[in-house]
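Listed in order, the protein sequences are those of chains A and B. Take any residue in the first sequence, note its place counting from 1, add 30, and you have its number in the working numbering. Take any residue in the second sequence, note its place counting from 1, add 1, and you have its number in the working numbering.
Everything labelled a hint here was simulated from the structure, so no lab data went into it. A couple of the hints might just be wrong.
Here are some, though not all, of the chain B residues that point toward chain A, as calculated from beta-carbon distances under 8 angstroms [stated by the list, open to error]:
(1) V6
(2) L21
(3) A22
(4) L25
(5) P37
(6) L85
(7) V88
(8) P92
(9) A105
(10) P106
Pairwise CB distance ranges (calculated) [said to hold, decoys possible]:
(11) A33/B to G123/A: 31 to 41 angstroms
(12) A33/B to P365/A: 45 to 55 angstroms
(13) V6/B to P395/A: 38 to 48 angstroms
Predicted, not measured: the structure shown is a model, and the values here were computed from it. Built from N, CA and C at the ideal position, the CB exists for glycine as well.
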Amino acid sequence: MLVYSGQVDALSQRGPRGRRGGSGLPRLLGCAAWLVVLALLGQAALAESDARVTFGLGGNLVAGAWNPLQVTVRDAPPSTLSLRIDEGDLVMGPRIVRYRAAVPGGRGVTVFDDDVYIPPFQNLTWTLDSADRVLASGSLGARDADGRPLQVVVSADPGAWRAAFDANARFVDVAASQLPGRAAAYDGVASLLVDGTAAAPRSEAVAAAAAGGADVLLIGQLPASQAGLDRLAGSGVSRLGAGQVQRLPAHAGAVKAALASWHPQDRAALVSALVAAPLVHAPRSAPQPLVLSLAAAYALLVVLTLRFGGTPGVVAAVALALVVSLAGWRLLRPPQPVLSASRTLMLGGGGLSLALGVEERLTLPAATVNVGVAARPLSVLPYRTGPDGTHVPVARWHGVALALRPSLSPSVLRFDGERLHNAGPAPLRHVYVVGAGDQGTLEPGASRPVRPGEEVAASPELDRLTALLPTGSALAEAPGAIWVALPPAAGQDGGTR
Amino acid sequence: MSPLVPVAHRIRSPDMLQVLALFLMVLFFILAIRWPSGAGSNEAWFGLAPTRIALLTLTALGYGAAEAAAPRARRLATAGALLLFVVASAPFDAASYAASYPAAPLWWSATVPFLEVPAYFTMGVGLGRLAARLRVHTFLALLVPLFMVALVWLDVRFGLDVFDPLTAAVHVSWPHAAVMVALAAVGGVVHLRPRGRELEPASPGGDAA
Chain A
31 MLVYSGQVDA LSQRGPRGRR GGSGLPRLLG CAAWLVVLAL LGQAALAESD ARVTFGLGGN
91 LVAGAWNPLQ VTVRDAPPST LSLRIDEGDL VMGPRIVRYR AAVPGGRGVT VFDDDVYIPP
151 FQNLTWTLDS ADRVLASGSL GARDADGRPL QVVVSADPGA WRAAFDANAR FVDVAASQLP
211 GRAAAYDGVA SLLVDGTAAA PRSEAVAAAA AGGADVLLIG QLPASQAGLD RLAGSGVSRL
271 GAGQVQRLPA HAGAVKAALA SWHPQDRAAL VSALVAAPLV HAPRSAPQPL VLSLAAAYAL
331 LVVLTLRFGG TPGVVAAVAL ALVVSLAGWR LLRPPQPVLS ASRTLMLGGG GLSLALGVEE
391 RLTLPAATVN VGVAARPLSV LPYRTGPDGT HVPVARWHGV ALALRPSLSP SVLRFDGERL
451 HNAGPAPLRH VYVVGAGDQG TLEPGASRPV RPGEEVAASP ELDRLTALLP TGSALAEAPG
511 AIWVALPPAA GQDGGTR
Chain B
2 MSPLVPVAHR IRSPDMLQVL ALFLMVLFFI LAIRWPSGAG SNEAWFGLAP TRIALLTLTA
62 LGYGAAEAAA PRARRLATAG ALLLFVVASA PFDAASYAAS YPAAPLWWSA TVPFLEVPAY
122 FTMGVGLGRL AARLRVHTFL ALLVPLFMVA LVWLDVRFGL DVFDPLTAAV HVSWPHAAVM
182 VALAAVGGVV HLRPRGRELE PASPGGDAA
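With the rest of the complex left out, here is chain A (with noise of 0.2 angstroms):
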């Protein structure tokens, strides 16, 4: 715009020599070739002001999955990026979800990171705008909604491991850098292949990676400054919060064999299973007869009143009409007007755990239910979101579940080797090991090994949940959160399998 600027100044100030010195048709060429020149340097201003706005990791969007969403913007005003994304379908008909984010703009370089949640879509929208123009813009048709989980290869000949995955798989190169450091961004992956052939991803990055739920492959003997990552693995293979992480030779076979073996847990349906049981109940009206019994009462006194109370009946109707509203009112009205419960389910392995929580919203009267964090509901409902929050608009005396973005927590509830640690301030009650039944209550810093007891869950909440996890993993409950710590993998410590 600076440039497109000095070139209209210019301009005008040539003009009146133009005019002084120059006949008709040749000034009007030289006017022409100087629009021409102005309408080149204004395109070039443009492209100057570079915007570029990625969906999923490398650019590769899982549908039905948190995705990194990543704008990176150059010499640009502040901007507003907003994303519309229609997830209905024939028969419902059009579901809007809309995500807003104030991008920081400025001289040089701006990034600006976020993770969000996208459904399975018929067409995404998006335009990246400031306040005087649009600095980019595109859309996705439902052809580009895959739902299919990322296999990610950060390597220098990625395609030399292309026959280590199944020809359906979604096999994607990614640079070390477009790793983020964010459980949330893997939620879409399966595997992650690091080979030490191209540069080295962060240990956060992987870390998160395996934490959000992927299998993260090292092969072979990584170089020297990869070093941190063979920490990670451990003597060979090692849980980290929903993953894990191992270390595999360089031979594409046995990355089959590992990526057969590998079963992760089925997130969705674990959060599913948090709010198979509503959290919260609607309240109970008072009970009809007592209503009735009141509504007869007044209505009779009033008519006495007015029918044998003459001028001063007529004052005492109203007010026993008055007093009648008020107490009706304070009787009859719920305590709240919006009932709010959460539940979250720490999955963990490691040290490490992934909070997989779930709010649930009944609302009496018509109203938008706000989060102040990242979620989506788990039914298929119009909605607004953005780094400020969620908002849902839900009809009176109805609720709506949410799954909150997925982050990582210590783990509280752990394996040592083959004993069970409460490392929270907390005791731990219901402790229960799928295979091995109840384990009774982990007082805080407690630790003991795991004994066969009553195979019947506390719950039903823990019931449901035992149906999808592996043999071996131990689930108890915390206030508000039900912890869960994934068995050691197999060759790890303690492992069994």
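The hints should help you fit chain B onto chain A, whose structure is shown.
This is chain B only, laid out in the frame that chain A set:
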């Protein structure tokens, strides 16, 4: 004399008291069938509020038409008594509103009947006078509900939100409120303005103008 005296006298009259008792009984019946007996959403207000408004406006229209030719004091007393109907039925509205959490604001639900009753009473007076002039006063019992249906039909036919009390009962309608205020004001002027000659009760012939 207190202005409440004629109102108290009017509402004590058998016809009014019976209509009031019937009105409250209908509301009680609606409450009985719409109040939930167990857990779940409470939809009582959505049955009760439109019924209450419909009965209030129909009653006001009917009394207005019937007393078009009555003396001014009598009409004022009747209008006051009809406003007592609004007050007497308010606890039903408040209680069901409290439990139902409707989208319509409470102030709307509480105030709009106080506008509608005088407005429909005024329309009733106009209808009664027109019927008398046209010598069809005998058919007032039929004309009143027909007039009500015609008003609702006008709203539905032309997509308006002006006259229909049922629609106005459950959501805020400023055009409705404006028209009701205007009609109530017209009624106030007509009823309160001293007149040189009070109208005599309508004769069977209906010449009341």
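Hints, one by one, checked against the model:
| no. | hint | result |
| --- | --- | --- |
| 1 | V6 | holds (5 angstroms) |
| 2 | L21 | holds (6 angstroms) |
| 3 | A22 | holds (5 angstroms) |
| 4 | L25 | holds (4 angstroms) |
| 5 | P37 | holds (5 angstroms) |
| 6 | L85 | holds (7 angstroms) |
| 7 | V88 | holds (5 angstroms) |
| 8 | P92 | holds (4 angstroms) |
| 9 | A105 | violated (10 angstroms) |
| 10 | P106 | violated (10 angstroms) |
| 11 | A33/B to G123/A: 31 to 41 angstroms | holds (39 angstroms) |
| 12 | A33/B to P365/A: 45 to 55 angstroms | violated (25 angstroms) |
| 13 | V6/B to P395/A: 38 to 48 angstroms | holds (43 angstroms) |
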